[in-house]
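K.L.:
The chain contents come next:
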Amino acid sequence: MNTIQPSFRDRLAQGLTPYLLLFPAIAIVAGVLGYAVVRGILMSFYQIEVWEPGQPFVGLRNYRDLFGSDGFRNSLVISLIFVGATIVIGVLMSLVHALALNQIRFARSLFRAIALIPYLVSGVATAVMWRFLFTGDNAIVTQISGALGYSTVSWLADPTKALMVITMANVWFIAPFSTLILLAGLQTIDPELYAAADIDGASAPQKFVHITVPSIVPMLSLALMWLSFASFNMFDIILPLTGGGPGRSTEVLAVYMYQLAFRDLNYSTGAAVMIVILIINIALSAVFLRAAGRAQHDK
Amino acid sequence: MASVTLSALNKTYGMVEVIQNLDLEIADGEFVVLVGPSGCGKSTLLRMIAGLEAITGGEARIGDRVVNTVAAKNRDIAMVFQNYALYPHKTVRQNIGFSLKMRKFPKAEIERRVAEAAELLALTPLLDRTPRALSGGQRQRVAMGRAIVRDPSVFLFDEPLSNLDAKLRVEMRAQIKALHRRLGATSIYVTHDQVEAMTMGDKIVVMRGGEIQQAGRPIDVYDAPRNVFVAGFIGSPSMNLMPATTDDTGLTLFGVTFPWEQRRQAETLPEDVVCGVRPENFQLCAPEDGIDGVIDAIEPMGGETVATVAVGEAKLTVLYRDRRPVAVGERVGLRPDLATLHVFDARTELRR
Amino acid sequence: MTSETGIASKGTRFAAWTALVLLTIWAVLPILWSLSASFKTPLTLYSEGFIPENPTLDNYGRVLSSEGFYQYLGNSLYLAITSTVLTLFVSVLAAYGFARYAFAWRHVLLLFILVPRILPRASLIIPLYDVIARLDLLDTYTVLIVTYTATAVPMATWILIGFFQAVPRELEEAAAIDGASIWQRIWGIVVPISLPGMVTAGILSLREAWNEFPFVLAFTTSGDMRTLPFQLFAMRDNMGLTDWPLINAFTITTIIPILFLYLLFERQIVSGLTSGAVK
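Chains as they are written, first to last, in the UniProt record's numbering: chain A, 1 to 299; chain B, 1 to 352; chain C, 1 to 279.
It should be emphasised that the hints constitute simulated quantities derived from the structure, not laboratory data. As the structure is a prediction and not an experimental result, all values here were calculated from the model. Take these hints with a grain of salt, some might be off.
[What the hints assert, rightly or not] Computed beta-carbon distance windows for the label pairs:
| hint | chain 1 | residue 1 | chain 2 | residue 2 | range |
| --- | --- | --- | --- | --- | --- |
| 1 | C | 165 | A | 196 | 30 to 36 Å |
| 2 | C | 28 | A | 264 | 18 to 24 Å |
| 3 | C | 260 | B | 66 | 34 to 40 Å |
| 4 | C | 81 | A | 84 | 35 to 41 Å |
| 5 | C | 64 | B | 104 | 49 to 55 Å |
| 6 | A | 150 | C | 81 | 46 to 52 Å |
| 7 | C | 61 | A | 279 | 21 to 27 Å |
| 8 | C | 14 | A | 198 | 17 to 23 Å |
| 9 | A | 150 | C | 135 | 49 to 55 Å |
[Stated by the list, open to error] Below, a sample of chain A positions facing chain C; criterion: calculated Cβ distance under 8 Å:
| hint | residue |
| --- | --- |
| 10 | 24 |
| 11 | 28 |
| 12 | 29 |
| 13 | 32 |
| 14 | 33 |
| 15 | 40 |
| 16 | 93 |
| 17 | 96 |
| 18 | 111 |
| 19 | 112 |
| 20 | 115 |
| 21 | 118 |
| 22 | 121 |
| 23 | 131 |
| 24 | 196 |
| 25 | 233 |
Beta carbons are placed, not taken as given, at the ideal position from N, Cα and C, and that holds for glycine.
Just chain A, same shape as in the assembly (with noise of 0.2 Å):
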């Protein structure tokens, strides 16, 4: 009996259709950023200037420039601090949020869609809108300041205050994606645990430490990934609304990478910091991602 196969072309044809399929994609997504990234390590050891010919390799010249200047560590620590408070005010205010949401049964989804607004404004109208609240003598916030006996200075000149606006302003802007993230966690608890508690004799806080909480782990883990990552790398807020001041008292490392490059024309050393920052975000999510799948795993 003579076996019949499929003929060369036709085998050929189905093997390569996916590859076909996925070529623009991949070739869009490797060609601009995979590029970039590629180009940007590249830079960080090469002495660039955009408009002038030749470009001397220096090593680890750049990096080393980098870590000695004041300008680098001080956007570091400023980058740590509004990352950090982001974290903690935009966490528990989201997860006051999410829970408030799942509580109610009346106009729900009413109340979800308007939590969500703010994802859907740009960052640049964020922070006109915040500018607007802050600046002047005659600022909203300036005149209640006031009125309650505290400084009428703007806030926007005072170097803390200017990182508490910034910080506020971020949380706004991208808090209400991590309290659907919390959100959609609570609504895939089983109520029959919580009918199960109630008839086990458990208060409402024992409840919530119990079960709501382990419950919604894999969630809280993927929403502080989310709120660390957006703000460690905000850069549409910051820049319309304080520029990095007053003075350089809000210059985190994205806007610093970007004064460097384009204000101070030093490519190669915004590059190096372009490196600083991927790094730390590639350390970020891998320790997010171990902490998330041991959460998964204890379950």
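Go by the hints and put chains B and C onto chain A.
P.N.:
Relative to the frame of chain A, chains B and C by itself:
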């Protein structure tokens, strides 16, 4: 219309052989049912005929044409799927007409054919609804309509009734048969339900482990199962299969010897056999006149009654149609009807 | 802590509602305050309360007649729409490939969809600016469309994979028997069934492009290339007296289109975002 011929067909997934060296001849216009337990390869076989699974080895022909490498759409077949596979965003009319549209039929011709199919299946008032708005039976009929509108050479059915409730299933069984009589198209029907197989098929093909166990007219398969597996699979309630021994005097079952009547030549039989008796071919009698057992359960169904009798470790099923004053726990005797007895070689499990 | 048991205590319900009302106000207050200011005049800006006493549409008129507004609006629309169409086209093909085929390199290639999600946009501008400047492509739509598409494709593909996997294979097999080619199956069967996924991916990609800031800031120098967010940034950067009613009207104008789309498809977007984020 066309015949379907499968010769030495093979299908492997990696190291696993799901269809082994299978030969089957389906005549033009025949209604063939592939039946077997889940995992027996019947659906895979159907999908190989359809062109949805590649053929590893051997040859499949539809009519005179070898179709091994022909794409599904060019095999001139239609298929009714288990979950109907109706396009949810298209109306009934568009669902039925889709294959004609893909083949660039003129609009008027599509209209005419869809109307005809809808008429035949009583779907005319539903033509502008979407599948979401239909009941299970209606969806099933749309799936049928989509198949017949093409007027294909071969119809393939993949467990099309398994999602319907019992009453609707009986109704649709009759409808599909009537449709087949009317259109006369070659049909291949896959099911795991042996009642469906018995009632619908011109020919049934019993499969297990990727191999055909027996193929033939339903009544022939029922009366003369080729091996122990087919004997146990076809018929409901299923046949009693018991170890037995033979010698010149007769057949010994659970220590009771039943002398041969004229039918059997004892010397042609092996000593150890598996003996098969259908439930209706056991007679209840006094304990000392047959196999001694105790009634374990009684299921009266009105017209007939099924009793389970415990004989030692074994449970035997008896079916009787008269009213008898027996009760659970009572001792009874069982006598097999030797004329309808099935005897299988205990080693090869083949019919003797 | 759940609504389903229905017997949450009065105290719990009170706490939930209090928190919800406060957080809802927090979410909309900056926008409402900006909206309120957009109906005032520079003179009444601080003297009037939350509800303007003599609301005027004057500021919106000034926004619409401001120099270059239609140019910026046109740029924003053009970039958002072209990059979204391109993103959907590319992502549908890729998502279909991932959802339906098991092939060698699948997992390696999947990384190209996953890894970019941890690449911040702002960090890419230095190397991209370098190459764009060298190729003399600054101030071109092409560069912006390509970079917007590249950053939107991973998320869109990821969302669509989930939707495509939910389309029963049986449907496509039926279509194959009915005579549909792979191209017809993708665009005629799989895509229409996954319409909620297409809407989600489409609106998220529109949002990305409409709101985008770092790329347009870095890759354009000519005023003609500005998008609405860039112009908003430039306006607030003006020296001297800030015309807050005008700026607020401009802000609201940029928010409205995307907010309108969002409210129209809120349900799909929320479920699409949730599944995209959670997987």
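K.L.:
Now look at each hint and say whether the structure bears it out.
P.N.:
Each hint, compared with the structure:
The given range of 30 to 36 Å is respected by residue 165 of chain C and residue 196 of chain A, whose C-beta atoms sit roughly 34 Å from each other. About 40 Å separates the C-beta atoms of residue 28 of chain C and residue 264 of chain A, a value inconsistent with the hinted range of 18 to 24 Å. In this structure the supplied range 34 to 40 Å is violated for residue 260 of chain C paired with residue 66 of chain B, their Cβ-Cβ distance being about 59 Å. Roughly 39 Å separates the CB atoms of residue 81 of chain C and residue 84 of chain A, a value that falls within the hinted 35 to 41 Å.
For residue 64 of chain C and residue 104 of chain B, the Cβ-Cβ distance of about 50 Å falls inside the hinted range of 49 to 55 Å, so the restraint holds. Taking 46 to 52 Å as the suggested C-beta distance range, the pair residue 150 of chain A and residue 81 of chain C conforms, at roughly 48 Å. The hinted window of 21 to 27 Å between residue 61 of chain C and residue 279 of chain A is violated, with their beta carbons roughly 50 Å apart. Restraint check, residue 14 of chain C to residue 198 of chain A: a C-beta distance of roughly 19 Å satisfies the suggested window 17 to 23 Å.
Separation of residue 150 of chain A from residue 135 of chain C is about 54 Å and conforms to the stated range, judged on CB atoms against 49 to 55 Å. Look at residue 24 of chain A: its Cβ gets to within about 5 Å of chain C, closer than 8 Å, so that hint holds up. With its C-beta approaching chain C no nearer than about 5 Å, residue 28 of chain A sits inside the 8 Å limit, and its interface hint holds. Below 8 Å, beta-carbon pairs count as interface contacts, and residue 29 of chain A has one with chain C at about 5 Å; its hint therefore holds.
Taking 8 Å as the C-beta cut-off, the interface hint given for residue 32 of chain A holds, the closest approach to chain C being about 4 Å. Of the supplied interface hints, the one on residue 33 of chain A holds, with its beta-carbon coming within about 5 Å of a beta-carbon of chain C, less than 8 Å. With its C-beta approaching chain C no nearer than about 4 Å, residue 40 of chain A sits inside the 8 Å limit, and its interface hint holds. Hint on residue 93 of chain A holds. Least Cβ distance to chain C is approximately 7 Å, under the 8 Å limit.
Evaluation of the residue 96 of chain A hint against chain C yields a held restraint, the C-beta minimum of about 5 Å falling below 8 Å. The restraint placing residue 111 of chain A at the interface with chain C holds, with a minimum CB-CB distance near 6 Å, inside the 8 Å limit. This hint holds: residue 112 of chain A has a C-beta 7 Å from the nearest C-beta of chain C, less than the 8 Å allowed. Interface restraint check: residue 115 of chain A against chain C, minimum CB-CB distance 6 Å, threshold 8 Å, status holds.
Interface restraint check: residue 118 of chain A against chain C, minimum CB-CB distance 6 Å, threshold 8 Å, status holds. Annotation: residue 121 of chain A was flagged as interfacial toward chain C, and the flag holds, the nearest CB pair being 6 Å apart, inside 8 Å. With 8 Å as the threshold, the beta carbon of residue 131 of chain A comes within range of chain C, its nearest partner Cβ sitting at about 6 Å, so the hint holds. Residue-level restraint check for residue 196 of chain A is violated (minimum Cβ-Cβ distance to chain C is 11 Å; threshold 8 Å).
Given the 8 Å rule on beta carbons, the hint for residue 233 of chain A holds: about 3 Å separates it from the nearest Cβ of chain C.
Checked against the numbered hints above, the structure breaks hints 2, 3, 7 and 24 and satisfies the rest.
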